[in-house]
Amino acid sequence: GAVVSQHPSWVICKSGTSVKIECRSLDFQATTMFWYRQFPKQSLMLMATSNEGSKATYEQGVEKDKFLINHASLTLSTLTVTSAHPEDSSFYICSARTARDGQPQHFGDGTRLSIL
Amino acid sequence: SQKIEQNSEALNIQEGKTATLTCNYTNYSPAYLQWYRQDPGRGPVFLLLIRENEKEKRKERLKVTFDTTLKQSLFHITASQPADSATYLCALVNNDMRFGAGTRLTVKP
Chain A
15 GAVVSQHPSW VICKSGTSVK IECRSLDFQA TTMFWYRQFP KQSLMLMATS
65 NEGSKATYEQ GVEKDKFLIN HASLTLSTLT VTSAHPEDSS FYICSARTAR
115 DGQPQHFGDG TRLSIL
Chain B
350 SQKIEQNSEA LNIQEGKTAT LTCNYTNYSP AYLQWYRQDP GRGPVFLLLI
400 RENEKEKRKE RLKVTFDTTL KQSLFHITAS QPADSATYLC ALVNNDMRFG
450 AGTRLTVKP
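One line per chain: the protein sequences are A and B, in this order. When we follow my numbering, the leftmost residue of the first sequence carries the number 15, and every step to the right adds one. When we follow my numbering, the leftmost residue of the second sequence carries the number 350, and every step to the right adds one.
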């Protein structure tokens, strides 16, 4: 149980393109989903937290107009990197959690984004 | 400022030995603490969760301790195997969740 599916697993695209990444909880209802960014050999950096049906809360330094997050249902959240540039190249990982207190986050397998 | 430190960036041990990884924290009062395993190019996989009022948790060959006085959690893998080689992350949870930088464990045959 507690499977989170993230799609696509990797993307290569030209500078200026917008890229959408999907995160789905397959067998549970995710009231809260999280988006992280990870650089090589570094830990996960939280970008934003989204609760179903409400606006995402972004961490300091993360541009909300650059990284658009939508959490329209209890099983789906999307991250759109708008007008991506080479510096946006990174490993993006989502996670999901139920509303029950004390439950772990379950992670997707990440999306490797490369902007040329 | 809040700080989460995992004992070392890398740990090498021989197969069959017990691996012990450390997670220390300062200026933080976690309600609970989690350990994850991450393989290269993959998302973290949840292993164990321990609450602030629990001293120890076990799952198969894994054991976690949580000392809120020392502000430390220890993660043990007994009878380690080469397949246990991965990066292990600790994560502290209160109103939010903060990750340590991880320890890369290599178990040599």
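In short, the hints are calculated from the structure, not lab data. Heads up, some of the hints might be wrong.
Looking from chain B toward chain A, a few residues come up when the C-beta cut is under 10 Å (computed) [stated by the list, open to error]:
hint	residue
1	Gly-365
2	Tyr-377
3	Ala-380
4	Tyr-381
5	Glu-409
6	Ala-432
7	Ala-435
8	Ala-450
9	Lys-457
No residue lacks a Cβ here, since even glycine has one placed at the ideal position from N, Cα and C.
Okay, the hints, checked on the actual structure:
1. Gly-365: 28 Å, violated
2. Tyr-377: Status violated, d = 15 Å.
3. Ala-380: 8 Å, holds
4. Tyr-381: At 6 Å from the nearest chain A Cβ, B/Tyr-381 passes the 10 Å test, so the hint holds.
5. Glu-409: 17 Å, violated
6. Ala-432: 18 Å, violated
7. Ala-435: 13 Å, violated
8. Ala-450: The hint holds - B/Ala-450 has a Cβ within 10 Å of chain A, the shortest such distance being about 4 Å.
9. Lys-457: 20 Å, violated
Hint check: violations occur at hints 1, 2, 5, 6, 7 and 9; the rest are consistent with the structure.
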